[in-house]
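Build the complex from these two chains, which are given one at a time in their own frames, with help from the hints.
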Amino acid sequence: MATDRLQSVFREVFDDDQLEIRASTTKTDIPDWDSMADVKLIIGLEDEFRIKFTTSEIGRLQSVGDVVAALSRRGIIVD
Amino acid sequence: MEHAQQILSLLGSVDDPLLASLRIAADAADGGRQSQLLIDATGRYGKQCGLSAIREMSRIVSRLVRRYPDDARQVLTRLATPGDGIAQGWSRAMLLEAFGSAPEALAIYALLPDPDAGEGRAARLLACARTMLAGGDRTPAARSLREAIQCASGFHTMRDAAKLLDRLDCTFARKRAKIALVGTTTLDLYAPVLRALAFAGGIWADVFVGGFNQYRQEILDPRSKLAAFAPDAIIVAAHWQALGLPDEDPSPESTASDTISTFASLWQHCRDRLRAFVLQHNFEVPNVEPYGRLSWSLPGGRSRLLQRINVGLWDAIEHESDVAVVDVDQVAGYYGKASWHDPALWHTARQYPTVDAIPALLRQDVAVLKSLWGLNAKCLVLDLDGTLWGGVIGEDGLGGIELGGTGSGEAYADFQRYLRSLQHRGVVLAVCSKNNPDDALQVFRAHPEMVLTEADIALFEIGWLPKDEGLRRVAATLNIGLDSIVFVDDSPQERAWVRQRLPEVMVPEMPTDPARYAAALADGLYFESLRVTDEDKQRTRTYQSNAERAKLETSSASIDGFLESLHMSVDLRPFEEIDLPRIVQLINKTNQFNLTSKRRSESEIRELMRCPHVYSQSMRLADRFGDNGLTGVMIGIEEHGAFHIDTWLLSCRVMGRRVEEVMLHSLVRRARERQVSAVVGDCILTAKNAPVHDLYDRLGFERSEQRVNGDRTYRWSLAKEEWELPSFFAIRDFTQRGSHVAKDC
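Line by line, the protein sequences are chains A and B.
Each residue of the first sequence is one higher than the one before, counting from 1 in our numbering.
Each residue of the second sequence is one higher than the one before, counting from 1001 in our numbering.
For reference, chain B alone in the conformation it holds in the complex (with noise of 0.2 Å):
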């Protein structure tokens, strides 16, 4: 004993003199032998704490308390007076957990700070989540959980995760979803990995695990277990040696596309048989190759075949929209393919990547089904000051600040740049900076070396309010949730403000060198999407408009000269297929403006198209702030003499703009050129339409059915006057006979 003492006494030089103690603590042949050395080891040398040392102290306490529990409460009992060292804190928090006093335990591990912002933080946040499930807290925990999961990237802290969720449920997620993963690796090891990172982004996932190299069979038999499962989502882990290419392929190009038309048919059977949408991992391009530079300089030779296959991928999904593909060869790239492979793991047991590449691996796939399922981020918040350019605005003036030239000014303007595209594919960028609006909105307007210009911005929260409160009133403007918002600021204290107050936003730790910015954002995978659509490239835009819109719409002195200056135009069309999915989502999802809340599916709807004597219009809307898109539907049925008005709905967005009048006018004018003698209506009271419970009575209908319920029918009969439209309108009506092609008849 005295012999381990002087030891410890000595490893003051050593590169971590905590973890060398903690690990001859370790060894000690007895209880009291531990705690006494575990005791001096956090008291010598326990000031700061590496996250290395925390998990020895962790396994040394379980241990202890397990064996000699009488030697550890002894150990509780000294540590009782809180030293100045952060190592006793975590060895008191970790045997206070142990004894199962988790709220005092709890208490210790909120305060004490991270080892590092990824790994220890994780390890830290987690044994929060722990602590507060054990006191039955489960809201702060599945925080916590998630906030570990998005720090970690160690396959031991995410098993760890994965336990926790045991103790979840998937009310604590976004969406619940079944995963399965299949492919030509041993893929168990994945599983738990996969449920904690789909925790982090919302998805509560149940998991299935293939069988070893079954996934063509699982695939294609109806009667398989995977077929029973029924997944929403197979992720295909296929693996560049399950693919047996020779060093040199005698012909490559038709190797490659066999191999692509293979995984297409499986594709195929994944969407129209199992219904599922697929992640297709394509394949690493090996390290190690035999043929060295030949395996690429060769047309034939396996690196360059891989290649063409992963880049034939690429090709093939390109028109499968229930197809992704994960792209393997860049992680591992990434990750470093010098450790993403371990052969004795390989060999003995089938398991590739190595497990602390899994992780890296499969964040990718859970990016995409984020983007699948509209999980992802929406808006980007940024600080101002030494995040968009060096130094302070308000005190070192426009020709003061950093940006552009060279050195961090040039940093800054490139990390503008990497913003500017990001706004470019769809994210809407929001600024939420403590400034006077004056100075900060000078350095946009007047400052030669702007990349990002007022235009890029869709909102400005510029002022002296703390950043939470800026980013309630971006969430609240923009009309989005707190959990789309990523916030980036350069400064620790406003980032650990926000996540402290607003738990839901997701603030990426950002580094001190701006060089490193754009890295240390992208690393988040919070934007990755599936396909940029012309909604996206306009949707800053679309925002700015929104934003403008409400403003405008406080301060006009009339009704009608608000509707007025909106200078609206207002596009009828009758179904059409490209619009179909917008239309059936409306008709299936509006409730406040909707008078008979009839729901179709898609294939009724479809028939409904078929038929002559149905009217069916669709209503765009735009208007001085942008365009608001397909808002509105109506449907008129001709039968016994008379239009019967089947649906009419208006999404909330476009009420109270007497568009719905247009909407009418044009199935009236229908209905007079088919020379029916009325127009009837039905109003069906719901809950939720309240606000069209008298509309046909304001317009003029006459009310000829009333029934006991509430709901009744109107009529109008066509021998009166049309009413005037209101002026303010510019219409383009596409509805009318000459113009309404009837599809498929």
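Pulled out of the complex, with its shape left as it was, chain A reads as follows (with noise of 0.2 Å):
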């Protein structure tokens, strides 16, 4: 499912086993979530769903929220 997807990548990105990430995830709420792990998500994201984003879309990738309506404007539903 998509959603598995998503934590997955997130899992690996912040390399937590045991991460849990909800639509209302935002910045504030991971602590290591710096640009670092910003250009990490886009990569992992990319490379998971096949995806490529926009400049203006890596740029205002501010929450768990903000991704997920990145996937559905490409037909990948999250729930």
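Careful: at least some of the hints might be erroneous.
Here are the simulated DSBU-like pairs of lysine-lysine, each with C-alpha atoms no more than 35 Å apart in a straight line [claimed, not checked]:
id, chain 1, residue 1, chain 2, residue 2
1, B, K1047, B, K1178
2, B, K1598, B, K1688
3, B, K1178, B, K1720
4, B, K1225, B, K1688
5, B, K1178, B, K1163
6, B, K1175, B, K1720
7, A, K27, B, K1163
8, B, K1225, A, K27
9, B, K1720, B, K1598
10, B, K1225, B, K1178
11, B, K1589, A, K52
12, B, K1047, B, K1225
13, B, K1163, B, K1434
14, B, K1337, A, K52
15, A, K52, B, K1047
Since the hints were derived computationally from the structure, they do not count as laboratory data.
See below:
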């Protein structure tokens, strides 16, 4: 399921097997979510979902909600 | 669910039906459905299995095991009877690994075929390494890991490989080094790739990542974190945009020289204060230029200026022994500039080049470091049939093999030309072939289109033994390690055999088309070199000489006869500046033929050279097989009316030739001239210098003092006659008065 795949990307990026993200999770909820994590998230998401983010999207991924929205724009539904 | 299964059954005509059906499986709503679709997909379309499918399977399996472990176990049970599907093999292995049965998983991974020779092979080898580590077998894991990294080219593979390094340590590498990454871009993602590539090259790297665009401060500030890190090497990853060049520069020459001087002064700091070797990245000339071709045709155009700077950097390092340039423009061109740069990542994260290009870039840096630290391959061992010519000489005969002319014959000749050029710049070539020696050598001797000659090959191992045996012999005869050998063979079976039997030997994957052999070999960056020396150009002859000498030694009638037949010539000189590095090396490393084992630093030796009462002698020995170079050192100190032999040593390469008598003879001559009464020498016993414990006794010295620990002092009174020098040396002695020039006095 897309949800599982999204979870696994976040777990990989933040190196935390127990991490549980929700639709409401934002940058401030995860202390290690810095600009380096931004880059790793982009790369991980692009690799997992076989998509390419646009420059404006990359700059605006501040929360899980933003990621979900970007995915749904590409027909990938996460609940 | 029925929909999903229906769709699955219709995928047969799609390009990669396995991958497509796995994606359907991945999106299924729950564990039960996912596992069923996984079994269906791998069962139906799993006869072959490509890399993308493997990756998709890996994701499915790890999620399944985590979220729906019972369903995962079900799958494992259902896949327990091995079908003929490779995909099911992979799934089984992945499930076994995820459930902790590492040895069983390894047994499967080890025998699965590689999806491809590059990333696919790397993925399989990484799986082997992982499961070996899980089982505590670090040595084979390190080997698999090394091989995996050598086949890999993608960022993710490198990153996964670097994670496995955390479970190994520096004992699995040949050299430990601290490498710093500084520059004008985000460098964090370089670090795992650098560690992985370095490990594959034999280097255990501790990596420092500099701050964004902090490289100047970090290099110049003595209290910077970089300075505290005390790197052995610094990679200056500069980037063309950071230069801030305009579209058209009004004074391109001065801009170029200013830019180069700025970097040169940074190099100076790196060399003098930080004592680190610098790898300077040069500048990509970008594809996208608003001025288009004007960027080149105008003297101040940016492309032309960047090119000018790049050429200037090569010129600037010509006399810098501690700086190397890594040609980013060249690598980017080869990679493809269109994909080298990702503008989106650049704008948002200052990431350059694109993540997947990082391995291609850092491979060049690691190639430089390998050359710097002597970790390069030394010898290229070649097969004959199908590699140097088409066909089989033993069956097709001289007229039947493909060599020269047009078509594939020409391709083989071209490959030989490439090899000959390698040989010219210092790479040693050897042959290991399953053939009748006469048949094979006939081609070298009689085929008009042969480019390589017998003289180009240091050693021929031609016979019917398995190739790993031949390679062992090559290593033994040339006295090099197996890990210095690169083995090229057109036969996939021979390559697999050697890889399995001799994992230290590097075996590049060869394409089937000989026209592409040179590129495949070049791609390995096995023989990258910082400079060519005359020694390099002589190397094949040196190795041939060693090989011939080894043969001769076993067949001579008597020792003296053998020594006579060598036609040796000896050169004796006082210590000279240009020989210092070698002299220092000998003084500090020689153990066997070393009378006093006195170790000194370069500055201490320079001190000695300045003293008028010190006699210094460096000895060079050549024979009919070649020049052995500077292989002997003697230091005599005049004090209290006698000449003391402070240091007397020989490289083990030239022991047993009686050349030490020539050295002593010269020192005694000098002593006579100085009109001292005696020559005195100590013999300090060590565990390693047994060969010289009774040297002075044999030469007729008298023991003037014997100490309890075995050490003794000998004396030769100059009233005695000199003994006779052996006749078989041609001697040139520059150490006597008149020819001795005291430097820096």
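Hints versus structure:
1. B:K1047 - B:K1178: Measuring from Cα to Cα gives roughly 46 Å; hence the hint is violated.
2. B:K1598 - B:K1688: Answer holds: B:K1598 to B:K1688 is near 14 Å, not above 35 Å.
3. B:K1178 - B:K1720: With a Cα-Cα distance of about 58 Å, the restraint between B:K1178 and B:K1720 is violated, given a limit of 35 Å.
4. B:K1225 - B:K1688: Violated, at roughly 43 Å.
5. B:K1178 - B:K1163: holds (18 Å)
6. B:K1175 - B:K1720: violated (53 Å)
7. A:K27 - B:K1163: holds (26 Å)
8. B:K1225 - A:K27: Status holds; Cα separation ~29 Å.
9. B:K1720 - B:K1598: This hinted pair holds, its Cα atoms lying about 28 Å apart.
10. B:K1225 - B:K1178: holds (13 Å)
11. B:K1589 - A:K52: With a Cα-Cα distance of about 58 Å, the restraint between B:K1589 and A:K52 is violated, given a limit of 35 Å.
12. B:K1047 - B:K1225: violated (54 Å)
13. B:K1163 - B:K1434: violated (41 Å)
14. B:K1337 - A:K52: holds (18 Å)
15. A:K52 - B:K1047: holds (31 Å)
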